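A.B. asks: Sequence:
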Amino acid sequence: MTLYRLNRLFNPRSGRALDVAVDHGFFGERSFITGIENMDQVVRTLVDAGPDAVQLTIGQARRLQSIPGKQKPGLVLRTDIANVYGNPLDPVLFSRHVPHAIEEAVRLDAVAVCVNLMELPGHPEVREANITSILELRREATKYGMPLMVEPLVMQDNSKAGGYMVDGDIEKIVTLVRQGVELGADLIKADPSDDLSEYGRVIEVAGDVPVLVRGGGRVDDRTLLERTVAVLAAGARGIVYGRNIVQHENPAGITAALLAVLHEGASVADGLGILAESAGRASVSEGDASDAGVSA
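One point on numbering: in numbering that gives the first Met the number 0, the residue at position 25 of the sequence shown is 24, and numbering is uninterrupted.
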């Protein structure tokens, strides 16, 4: 089946995509919403910055889709909620998907939906719940022609690393990515590996299913751009970054730098230059505004 909605996700020139994830509030962790408290402002900033897609929850998607015009980013709809990011973990863990998620995605004009496939040490019941969700979503996604993005997420033990920390073991990543493909993923949103020189193995095991690489926790700008260049060189079709964009002091600038790397083949040095230039323009604008205020 041809998934025409993906024509609104991938850039027609580069065949790549930048999806900015702002679905963190779904998971009930206070630290996740730092910098994204005002979602109207966050969404408008991202629309102005122009990524290929924005990943939102069912309760926030309207903030993007109510903005008029044909050129705004596509919507990737997060479909599942879990309580696996706390430290310490809750006594009982859960993960479940939104009822009628695919129908909601159609009504919201989404380009794809996203669902987790988590490996959390000592808690196989979470992966079992994820698999149940994926299979149910796969059935409905096929009915409506909605692309299904599966997010294989290999996590470290929360007591050691805290919530949402990636285990970059390439063997674990390859195994979980392959399971996501076997479950019927149309897209894979995968962890980065500790050794990025091995990332081609993730692309290989995914076969003809496009791989987008997630960002994980905050890193410095050079590291983020170097990682992006490396995974693209390995064959990744794009990136899904969240906090490295929305918690950045210059979200528009880092978005512009990443888009240049993705769609124009810019180098790390080029990206850093774009970011510095954007920051300089912002400083000048703030200075002009301050001067205008004084003169008034």
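Source of the hints: derived by calculation from the structure; they are not laboratory data.
Since the model is a prediction, treat every value here as computed from it, not as a measurement.
It is possible that some hints are incorrect.
Pairwise CB distance ranges (calculated) [as the list claims (entries may be wrong)]:
1) Lys159 <-> Glu102: 22 to 28 Å
2) Gly27 <-> Ile66: 34 to 40 Å
3) Pro90 <-> Glu203: 38 to 44 Å
4) Glu263 <-> Lys159: 37 to 43 Å
Beta carbons are placed, not taken as given, at the ideal position from N, Cα and C, and that holds for glycine.
A.B. asks: Next step is simple, just say for each hint if it's right about the structure.
C.D. replies: Hints, one by one, checked against the model:
The supplied range of 22 to 28 Å is broken by lysine 159 and glutamate 102, whose beta-carbon atoms lie about 40 Å from each other. Checked against the hint of 34 to 40 Å, the pair glycine 27 and isoleucine 66 fails, with Cβ atoms roughly 27 Å apart. In this structure the supplied range 38 to 44 Å holds for proline 90 paired with glutamate 203, their Cβ-Cβ distance being about 40 Å. The hint said 37 to 43 Å for the Cβ distance between glutamate 263 and lysine 159, and at roughly 40 Å that hint holds.
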